[in-house]
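Given chain Z's structure and the hints, the job is docking chain X onto it.
Chains as they are written, first to last, in the working numbering: chain Z, 1 to 387; chain X, 1001 to 1433.
Do not take every clue at face value.
[Said to hold, decoys possible] Only pairs whose alpha carbons sit at most 27 Å apart, straight line, appear in this in silico DSSO-like list of lysine-lysine:
hint: 1; chain 1: Z; residue 1: Lys144; chain 2: X; residue 2: Lys1207
hint: 2; chain 1: X; residue 1: Lys1194; chain 2: Z; residue 2: Lys134
hint: 3; chain 1: Z; residue 1: Lys303; chain 2: X; residue 2: Lys1062
hint: 4; chain 1: Z; residue 1: Lys183; chain 2: Z; residue 2: Lys79
hint: 5; chain 1: X; residue 1: Lys1318; chain 2: Z; residue 2: Lys282
hint: 6; chain 1: X; residue 1: Lys1194; chain 2: X; residue 2: Lys1207
hint: 7; chain 1: Z; residue 1: Lys254; chain 2: Z; residue 2: Lys37
hint: 8; chain 1: Z; residue 1: Lys350; chain 2: Z; residue 2: Lys374
hint: 9; chain 1: X; residue 1: Lys1315; chain 2: X; residue 2: Lys1358
hint: 10; chain 1: X; residue 1: Lys1285; chain 2: X; residue 2: Lys1322
hint: 11; chain 1: Z; residue 1: Lys218; chain 2: X; residue 2: Lys1318
hint: 12; chain 1: Z; residue 1: Lys325; chain 2: Z; residue 2: Lys387
hint: 13; chain 1: Z; residue 1: Lys275; chain 2: X; residue 2: Lys1169
hint: 14; chain 1: Z; residue 1: Lys282; chain 2: X; residue 2: Lys1207
hint: 15; chain 1: X; residue 1: Lys1285; chain 2: Z; residue 2: Lys156
hint: 16; chain 1: Z; residue 1: Lys79; chain 2: X; residue 2: Lys1207
hint: 17; chain 1: X; residue 1: Lys1322; chain 2: Z; residue 2: Lys325
[Said to hold, decoys possible] Facing chain X, a subset of chain Z residues (Cβ under 8 Å, in silico):
hint: 18; residue: Tyr59
hint: 19; residue: Asn60
hint: 20; residue: Val148
hint: 21; residue: Thr264
Derived by calculation from the structure, the hints in this document are not laboratory data. The structure displayed is predicted, hence computed values, not measured ones. By construction, the Cβ of each residue, glycine as well, lies at the ideal position given by its N, Cα and C atoms.
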Amino acid sequence: MFKLDRKLVTIGVVLALGSTLALATVSAVAPGIYKSKSGAIDGGVTYPRENGNYTVYKYNQQSTKGVSFGRAPTANEIKAWDVDARPDGVGLPEGEGSVELGDELYEEQCAVCHGEFGGGGSGYPQLAGGNMAKDENGAMITLKNQRVYGNTDAPKRTVGTLWPVATTLFTYIRDAMPYAHPKSLTNSETYAITAYILAQNEIEIDGEEMDDEYVLNKEKLMKVVLPNRNGFYPNIDGPTAQEDIRAFYADRAKNIGAGVRCMTNCKDPGGQDGKTPPAVMKIKYEMKDVVPAYAYAKDLPPKKKGGLEHPGKEAYEKSCAVCHKTDMMGAPAVGDKHAWEATLKQGIDKVYENTINGKNGMPPKGGTSLSDDKIKEIVDYMVQASK
Amino acid sequence: MNKTLEVEESNSVSRREFFKKTASVSAVAATSILAPSAVLADDENIIHHVEWGTTLGDECNKDPYGYPSKYEHNVVRRTSALMSSAGDMHAAISMTPLAELSGIIVPNGLHFTRTHNGVAHIDPNKYRLMIHGLVEKPIVLTLEELKKYPSESRILVLECPSNSAAEWKGPQFGTLQFVKGMMSCSEWTGVRLKTILDELGLKPEAKWMLAEGSDGSEMSRTVPIEKVLDDAMIVWGQNGEALRNEQGYPVRLMLPGWEANLCVKWLKRLEFGDKPWYAKEETSKYTALTASGKAIQHFYANEVNSVITSPCPEKDWKDLEKGDLVEIEGLAWSGHGTIKGVDISFDGGKNWIEANLKGLVLPKAWTRFSYMYRYEGKPLLLQSRSYDDSNNVQPTVNQEKAVVGVEGVYHRNAIITWQVTDMGEVSNVQIRS
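Chain Z with its partners taken away, still in its complex shape (with noise of 0.2 Å):
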């Protein structure tokens, strides 16, 4: 900390010198370092709009009080669009549906990707089936899980297991449910598939079990209790809730880890054991396969396959198209079907002898080294162009 201490010492010593030289009415920042106020929601700082300056950006100072664009919504509008939901049921809508509907539309339309019975799929979220027991803090014990010192078992990630709220879980079906075709379930059908994910954990509303013959409604959703309602911190529910944010971001070194800037014969906290010093891990099996390939060299890319342009194309228009794109230059323009039916009536070996050898305003070989054959590839193109 000392060093950080006279490095700023320095930068400011130096800064002031140089702005009483060349601005004299500019007080002295260290470059980078701008005037902030400290206790931002996130931990981090806020820097203050001042004198048309915010940071190193200016703004324009006029009043914006009155500028107002756009229309009011209809009611209709907000109904249509205003369809989110709290954990408190705000917006949920009215409708319902059972577990054993849910059973059908799910085994149709999302066993696919998560699984029978919500029991995970290939690479797609397991959303039943984890242990839901807890340990004495009220931690769900499967999420206490790490993947580390040779333990393998990982953290199992289900509603019952991980998530906090069940209005969460319609909302999600409803809108961005199934993957291909979101938006596609109705409002009672939505509460027939979260009715069957709930049942498959488990969850019992107001005491009572899902079995087959639950039915599931707004007033019953609202009363759902997911097991790892209290797994999450910090509170960001009731009156305190953005200070309980503030000051759990305010001490980060406690609750999200942070480094120390330590310049010499540093040291890092120790492994499982609290002594095991850190060692050199590297790479056991490296991810390859990645889209595109790999590819570093500054080449020309691969032609593509099955490309049909002609071969002359691309010297045409390197050498000859800036007299030949259009007549003005006194040349059959490349395109002009009268033109070069006219030019053609010579016949074909009189064209390319004329182009080797020249003539009128034209240089041989429109001015170019290429070979006949080229050159011959070229008119070619030049007479298939213009047909």
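For chain X alone, coordinates are given in the frame of chain Z:
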């Protein structure tokens, strides 16, 4: 094809052979005062006229919207099945080729992309933005109406909170692109949300904002009002042009320094309320599970971070000679504020020296750092460690692991280590217990 200058051509074959043999030492010889009369092979790229100097180039506006040089065709975003669900590339991530970039602005075509239900293509004529809930005057805006609001521009880093997620349990990818490529930095242009809200009249009980996208995933997130009124923006411009489709054309939310996931793309609706919504991407996903079995929710800012971009696995030091003076260069950024400095270690974090910042040093943006190094051809464990104006110092792998464990997926900012061998090869390793 090439015209030749007036040079001796009679021994051209043997001259080429000679060129091959001496090319690698010619540069040294040319500057050596000990061998002023050494015979140098001629570089044919200098001796002969080059092809592009002896032919007509393309017409000036052949490509009305231009492309990079064809020779740069390998500089592209890349993805991997590991970045998707079951290999499906509609809910996936593509990585920015950081090693190939210069400065702090990412070309729009190389900006990393994260989608949850594919890239939506919005007809700007049909685009509507609704702002409602706990405001005195709810509104609906067309795109043209929105763009009439006074604009500001900010150079800001956008980082997916999953950046480096594959590295929690150990190094997995062998390139900078895949170790840290879930981020980009651009100049974004739009209107400050506060400018609009000043006119709409926020009700005092409004504590949270729901931001909702209009793509198939209906991405939505809850934002605390303090951020909304501080520096949040609704943006439509990206490096001087309209947002790319992959970045939410025509409009996305921009919360400077915060998870890119919170910067909702294809923005459709902002609703103000008195309670948080518990949206799907702030509950089932984007919460960071810690070793206690509980998870951090409402994880907002991407932490102080840095990575050395040269050398790196893609830009190694195999062509260096002992004694060469070479620049070590990298990127530092912090969602909490402005980068104050970067330290570099050559011995895996035991000892550190201060690097220099260069270029623009902006809040919540990429900041370039630089250090001139005399290459000695010995093995190194090269690291960078950044610190910001919010008293954050980038942690070691062990320091971060000790607090949050290895299953959190999100917000990894541990120090990155490049192992440099005595041959100048560079690989991704970790220093950890």
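Practice problem: If any of the earlier hints don't hold here, list their numbers in rising order. | Solution: The structure breaks hints 1, 2, 10, 11, 14 and 17; every other hint is satisfied.
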